[in-house]
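There are 2 protein chains.
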Amino acid sequence: MVTAKPPGTSATDGARVDARVLRTREVVLSSAVDVLLEHGWDQVTHARVARAARCSKVTVYTHWPERVDLLRDAFARVGDVVHHEPIGDLRADLVGELRAFRTALVEHRLDRVLAVLADRSEALPELRAVRERFVADGERVVRRILEPVAAGAQHEAMVAMLNGAMVYSVSLGGAPPGDDVLDAIADAVVAALESNA
Amino acid sequence: MVTAKPPGTSATDGARVDARVLRTREVVLSSAVDVLLEHGWDQVTHARVARAARCSKVTVYTHWPERVDLLRDAFARVGDVVHHEPIGDLRADLVGELRAFRTALVEHRLDRVLAVLADRSEALPELRAVRERFVADGERVVRRILEPVAAGAQHEAMVAMLNGAMVYSVSLGGAPPGDDVLDAIADAVVAALESNA
Chain U
9 MVTAKPPGTS ATDGARVDAR VLRTREVVLS SAVDVLLEHG WDQVTHARVA RAARCSKVTV
69 YTHWPERVDL LRDAFARVGD VVHHEPIGDL RADLVGELRA FRTALVEHRL DRVLAVLADR
129 SEALPELRAV RERFVADGER VVRRILEPVA AGAQHEAMVA MLNGAMVYSV SLGGAPPGDD
189 VLDAIADAVV AALESNA
Chain S
9 MVTAKPPGTS ATDGARVDAR VLRTREVVLS SAVDVLLEHG WDQVTHARVA RAARCSKVTV
69 YTHWPERVDL LRDAFARVGD VVHHEPIGDL RADLVGELRA FRTALVEHRL DRVLAVLADR
129 SEALPELRAV RERFVADGER VVRRILEPVA AGAQHEAMVA MLNGAMVYSV SLGGAPPGDD
189 VLDAIADAVV AALESNA
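Residue numbers (my numbering), protein chains in the order written: chain U, 9 to 205; chain S, 9 to 205.
I should point out that these hints are in silico values taken from the structure, not numbers from a laboratory.
Certain hints may be false.
Given that identical chains are not distinguished, each listed pair holds provided it fits within a single copy or across any two copies.
As the list claims (entries may be wrong) - SDA-like, lysine to any residue: derived pairs with alpha carbons at most 25 Å apart:
(1) K65 / L30
(2) K65 / D81
(3) K65 / F142
(4) K65 / D145
Quick caveat: nothing in here was measured; it's all calculated off a predicted structure.
The following block holds chain U by itself, in its conformation from the complex (with noise of 0.2 Å):
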């Protein structure tokens, strides 16, 4: 971003207004990613954004003339998943990954996320790239689990079938799997693999 630098003024002054610029960027994104998260896109307008960064209406105009670009760089501050770290037991690291998963859908909203993405990112190219790399984050550690034990069609299937059935679960279902659930999908997916053999 650039900042016209006010003329007369000092080097330092100039350092000073682009500290406020970037502080002001910081909370108007953090205030879009609080709206976005709580009320969902729908809601994410530069009216309602700038009443909860309690800032005026034109100074969010001014940095996001269209609201896709303040989504764009809202996303770019919601976080990676906290994953499961494997420990090479196949049903365990499973199970540990779709809590994790579940964890970050449920606590971080990340299901109100993809929703956006899901919905949003057809219509708007801007998006497409935001929704590829929240996909690969959220598919990163299930890959690596199920790297060694399945491949090809199989391992696209199985990686579908987890991450699937939690967000399904979650973002349609109305609730998230119980444990009991959660552990019937790693179940199935461990029985299907020991069918390889």
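Given the structure of chain U, go ahead and fit chain S onto it with the hints provided.
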């Protein structure tokens, strides 16, 4: 919907007005569905729907003061999934139903309907019943296929894995699963169920 009958008109004129109003509602709702499926919920504004329906914005506002009501009535016009008719062969039935569901997601844009409902129905309780209707219809046949072979948490896990894998791949993976992945999904469920025995 109540339509005010203009004073002094005959019963016949009144009926004619009602028919015209009903026709207008039909056209507006089918235009709202078109805008939704082609461009997403963000674009389902009174102005855009009026333009698509070639009527005035006032007409749209009169019938549906709130966007959420327009959306709810538009969703009521979206048809149910054309399901596979089970033949009693577990693998063939799963593959048949996964293909039918993929067609609904991709060709009839059920993916868009579900993405909007995932994103909006938490903030808009009016949409929860709509979401439940689509999820129940989407799962109806897969639940029937699995009924004789899985129960409890395993049944729930498999429904979420099957439908979840499809929705997830189409909406977030960026592409519907190919036939090889779709077959591998069915195979995994069949193998897991066989290990029950």
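Quick rundown of the hints versus the structure:
Taking CA atoms no more than 25 Å apart as the test, K65 paired with L30 passes inside one copy only; the shortest distance there is 17 Å, against 41 Å between copies. Proximity of K65 and D81 under a CA criterion of 25 Å is satisfied intra-copy only: 17 Å inside one chain copy versus 33 Å between copies. In this assembly of identical chains, K65 and F142 lie within 25 Å of each other by CA distance neither inside one copy nor across copies; the values are 29 Å within and 38 Å between. For a Cα distance limit of 25 Å, the shortest separation of K65 from D145 qualifies neither inside one copy, at 33 Å, nor across copies, at 43 Å.
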